[in-house]
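**Q** With chain A fixed as given, assemble chain B onto it according to the hints.
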Amino acid sequence: MRKFFLLAFLILMGVIPVSASQDVKEAETLFLQATDAYRSAKYDEAVQAGEAILSKGVESPAVYYNLANSYFKSGKTGKAVLNYIRARDLAPRDADIRANLGFTRVMVSNGKFVPKSSCFSMMLLTDHLSAGELKWLAFFFFACGGAYVLVGYYMRFRSRRVMLGGFVLGLCWVFFLMGCIMKMAENSSRAVCVSVAEARFEPSAQATVYFKLSEGAEVKILKEKDGWQKVQRSDNKIGWVPLKVTERI
Amino acid sequence: MKKIISRTLCPCVLFAAIILFSGTLLADDISFEASVSASKVALGVPFRLSLTVHGTQDIAVVPLPTIEGFESRYIGPSSQVSVVNNQYTAKKSFNYQMVPVKEGKWVIPPVEVQIKGATYRTETVLIEVGPAGAAVDGAKNAEADISGKIKMIMVSPRRDVYMGETLPVVIKLYVNDADLRDISFPAITGDGFMALGFAQPKRYQENVGGVVFQVIEFLTGVVPTRDGDVVLGPSIIEAAIPVKMEQVDDPSGVFGNDFFRGFFGGYQKRGVRVSAEPFVLNVRALPEVGRPSFFSGAIGQFDVAVEVSPKEVKAGDPVTVRMTVKGGGDLKNAQIPPYKPDGFKAYDPQIKNNEDGSLVFEQVLIPSGSTLKEVPAISFNYFDPSKGQYETVLRGPFSIKVEDPPPGQEFKAVGFSSEGGNGAERFGRDIVFIKDQPGVLHVKGDLWSGPWLFLLAVILYLNIWGGLFAFRRHQFRLESDGPFARRIRARQEARKGMKALTAYVGNSKSMAGESRRILDVFLADVFDLPPGAIATGNMKELLAEQQISLPTMERMIRVMDTCNAACFASVSLSSEESGRMITDLNDVINDIERRCV
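Listed in order, the protein sequences are those of chains A and B.
Counted the way the working numbering counts, the first sequence spans residues 1 to 249.
Counted the way the working numbering counts, the second sequence spans residues 1001 to 1597.
Any given hint could turn out to be false.
[To be verified] Using 30 Å as the maximum straight-line C-alpha spacing, the simulated DSS-like pairs for lysine-lysine come out as follows:
| no. | chain 1 | residue 1 | chain 2 | residue 2 |
| --- | --- | --- | --- | --- |
| 1 | B | Lys1373 | B | Lys1311 |
| 2 | A | Lys220 | B | Lys1444 |
| 3 | B | Lys1444 | A | Lys230 |
None of these hints come from the bench; they were simulated from the model.
In this text, all values refer to a predicted model and were calculated from it rather than measured experimentally.
One chain only, chain A, in its complex shape:
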């Protein structure tokens, strides 16, 4: 049994990285092709190359960013917003990504209906840290807290001192853990309209139109049913749109 686990571990450590490195090399080649196409104003080719990178399961903030730029230049603002948001989720402090996302949002709906960050999420730094960073920060403080308690145990610190240090580090851990949970919860339900759509009162093409969603409008998906999605706009208006209209982030 021990030999089986050792073998599995070696496969995981060795075989998967080998296959992944091949995909990464191909992705780098495609990335160069995409940038060349973009410089030559062949935006459709740049889009194809960018999508090919993502189809290999390879990603980076720059890949999403360049793909979003290509979509923007080819007039598909919905896809542009989608990929800018994906890029921002990976690199939330990248100024170029934030600038282009802001500019495209203004182009899409004149800055209206952009999801606003709540005070709570701002406090938890979810706008400035990615979900992965928040996750590792939470783990870091958890580990620090544990290590501090252990050191105190070894060094025979006074219990009050151990509790105080552990409490402070524990608070940090809870802080980032909540940020991480909130970010992941947000990401799981966010979507962008990739085409113009009409949100209706019921999941039916005959239902009354409630409001319109422009291409690139950001919505929150509440429910899916029979090829329709129940979406909520940032002004809290809720309606039903066909599934194909939106794409999850």
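**A** Below, chain B alone, put in the same frame as chain A:
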């Protein structure tokens, strides 16, 4: 008390004295006039005639002579005293009700009165008497009803004007015996000019042809925007007058009577439009002759004042040149000629329009050195329509004293250009260019970036932490729990002793002695007993309590017996017996260790 009396009573007495004797003090300002409440009336409809003496109240009733076409009845006097801005005015009116008894145009002749020996006479008043019931006929005749009661005129001081010049225009709305409400500001129709906003309208009374009108005067200005003949007006005012609702037949008769009609609003507002006659302006273009090289469009007559402060500065310190332009005319778009004197760094001028219509230019100059002795003259150009020519006002030069700053604090104008534009730079907007490098590419969900690594790290950490914690806790127990420490030590000592037994091969007595010592120490440590307390009898009971199996107990007794025989009875052990003894000892130790340690 005396102070209170002197401070409060005396001014009151003085004021009363002024009021009482004012009739004589201001006798020089006496006038006498006649006014009627309406100049057009219907036969049989009464109106009011007032004979008013201004400037005194010390006068008896003024009798009215018999007037042809009217029956008159004295109603009574009314008086009014007012003190405004220390100006005392008083008047007394004698009111008569006049009832026309004949149709046609009639004249109320002048009425004479003697006041302090002087004779005063009113003007004649013309009254037009129409047929009975002609003027009052409900809402249908609202416009006819107000004709003669409401009129409007629009006047300007002159008709010749220059293009761009502000021409004052006065619009007067006359209202007599009409309840005009919701009066709008006048709208001056026409093209070729720009109408300015209206000031707060003035309200006063004016006697026109013997009829007292309430006058609302609107003051505005117009600025012609093209030359030639420009028709100004007509100007229009929208207002409303209350008119009686038409009679409605109500079969029930409940709401049809006058009481309920009056109670529930028997009047309704009816919109009326009053207009003033237009007039033509002769607009002339500004002459090209004499036009200065810099003319920003200031038209009117202006006074220009310039001040420079401070007069004594260090090089590099700012000097403010403030020009104030006042006068009648349009200054909204006025500018001063470019003012960049040599030896000074000049900032763009700040222009401020004050509420009183004046304009202030503030130009900040930075003298570059102590060689400068004066601020050069500054000019302002405008067109004077009364003279029909351009004027250039030159003020200065102004003497100043410039000192060199202390060493090390010399003036340096970093990044300053005196030829810089004054408009805000406009930037284009587009997306930021693509990135040249892909950054760290990774496969979604792989070992190093996905959740696996995180999970691995968490598990590893928890294991290490748990291990370290358990180790430390074990150490603590060893330090604090004596029986536990002995039990742990028993196992270790027993293993060590078993290994050492190989050194006694061939010496059965020593081996037996050592074996017995190992067993005694082990049992004493395991059961936390003194080493001397180990005997076959008590060990049986102890092992039975610990539920040690019977074969193990038998083996232990056998080992003890064998050791005792070898040590104390000098029985020599064969190699087989020695081997069995060691095996038994090993089994006993292992079994007790498994169950008790």
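**Q** Each of the hints needs a verdict: does it hold here or not?
**A** Hint by hint, here is what the structure shows:
For a cut-off of 30 Å, the pair hint linking Lys1373(B) to Lys1311(B) stands: about 10 Å separates their Cα positions. As the CA atoms of Lys220(A) and Lys1444(B) are separated by approximately 23 Å, the hinted pair is consistent with the 30 Å bound. Of the pairs offered as hints, the one joining Lys1444(B) and Lys230(A) holds, with about 28 Å between alpha carbons and a cut-off of 30 Å not exceeded.
When each numbered hint is compared with the structure, no violation occurs for any of them.
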